[in-house]
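J.: In case you want the letters, here they are:
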Amino acid sequence: MGMVRKKEKREGTSCGSELMEKEEIPAEIILEEIMWRLPVKPLARFRSVCKTFNSTISSDPKFAILQLKNSSAITTTTCFDRKRVMLWQCLDCSSAFFLEKKNSIFSIQKINTSPIKVNKASSSYYSIVASCDGLVCLLQQIKNEVGSVSNSIMFWNPLTGETKRVSDPPTFPCLTKWFTYGLGYDSSTDDYKLVQINLGFEHNEIGLFQPNNVGVFSLRANSWRQIQDFPSSNLICSFRPGVFNNGALRWTCFSKDNSPNYHYKIVSFCLEKEKYTLLDITTIDFRLYNHYHVGIQVLGDKLAVYYPSNVNCSYHLLFTNLYDNSESWTDHIVTIPNDTWFSTPLCLFENVGEVLFQVSGGQLGVYRLKDGAFRYLNVLDLPETFQALTFSESLISPNTYKGTRN
Amino acid sequence: MASSIENNNEKLTLKSSDGEEFLVEKHVALQSTLLQNMLDSDCSSADVIPLPKIDARTLALVLGYCKKHADASSSKQGELNSFDSEFLKDMDMGALFNLVLAANFMEIKGLLDIAAQKIADTIKDKPHQEVREIFHVENDYTPEEEAAVREENRWAFEGFP
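For the record, the sequence lines run as chains D and S. Residues 1 to 406 in UniProt numbering are what the first sequence spells out, letter by letter. Residues 1 to 161 in UniProt numbering are what the second sequence spells out, letter by letter.
By construction, these hints were calculated from the structure, which means they are not laboratory data. One should not assume that every hint holds.
To be verified - Computed from the model, here is a short list of chain D residues facing chain S with C-beta under 8 Å:
#1 25
#2 29
#3 30
#4 41
#5 44
#6 47
#7 48
#8 54
#9 113
#10 142
#11 143
#12 285
#13 287
Even for Gly, the Cβ is constructed at its ideal location relative to N, Cα and C.
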């Protein structure tokens, strides 16, 4: 242990009525009973306290698990303490930022642990394809000389800077090089599972889409296996990362018939049973809209779907509570002035009842649930375009994860 | 101390490090896993149980917490929560340290949780230099090492010295 406690005596500041022997608090108690109750941001600072603090905070798996469990047990009231919004600037320099709020002024903070060495000449492209409990999955797409693309996946904990390259999936008969992903925690096996769905975008002559095959990567086993195909051969899954809540990963998907209608559904993949269930959302005639973007997000403790309404620049935002199977929905019409492209809800600021939106790929705004008002946020140094996601911070190590129960 | 109307109104005596004796009802003492285990084994309640690491002031606080939690019915969770926050409200760091050490030694999980969480909440927004002082931890980094660790975590230092 690199920590030495000073011998000097401590001054008694409180009740001076009697002579009291002030206990110094031993290092083990500080680390085993107190420090893991902190959010990750102060822990990142307290790595500078001394070497023992640094090694425990950055690389003790038991400490990381206690920290995660304590964080999850505390009700999140804002998005800036245990839960953050991460911005990934993928096009030019592959940098990551956290959205910050201080005295009601928004700004961004660069994360210095980016695993990517910027090489302007390289033809690599990195995007965030999944995130859960502080672990982020980055997909690297490398174009070779003849123009074909190869994929490579990396786990990254932005707060500790630790990375892990994932072995390439075994060669499932993948039809295209396009995939969608989702990362979630399976409590039955105490494991993180990364799910990869091959998007079979191609038409055949009778207008049917090809089956989508699915692979699961287990973080504990450090290996891939192929599982049951996506539920239906004419369902196309969204390219957006699946959202994780209540033991399942959920994506939106659609099927198409001979009319101009797209039939949208939520596909839920239960991580324990590895089974799919489908829930109808809506049918959209794509001729009516300048874009038809349907998505899903976890907002607070609720699942929400959103899709364009038939008025320009406005969306339906429907909250549901899937846990009670009541399938009751609360509908909000969100009107976003000057919205030109996909706008997506990111998270709910529970304390003020506002939903944060990414607007047109590069701006941020909030929708107030109470009265339907929408306003753009002025964020200092916001990149022009970025990928945004919510991020529940943790110290979980992608390399040494062996479960949370021991 | 109010007399208990339960059948189980045996009492036991605890002795603090500075020699003060506390007469405690058994069902209150059972909040402590350490005391529970002692009573389950062979320890007779007639004995005085010495707690050589806990001073009288801290022990009085600990027993106040145990009494409240032993007497409250489980339906009064809201009342207990407000008791807990009131209980810790104006406590200084030294008193909180003593509570954590006592709760850790006596194995009173609820008390350990709230006192340790209170310390964590108090140091959350403090600079790391101040945390060194609070915990009496010596900085064993060279200036270069410290700068490197800090640089790696620069995002967390905005607004901090």
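J.: Would you list, in rising numerical order, the hints stated earlier that this structure does not obey?
T.: 10, 11, 12 and 13
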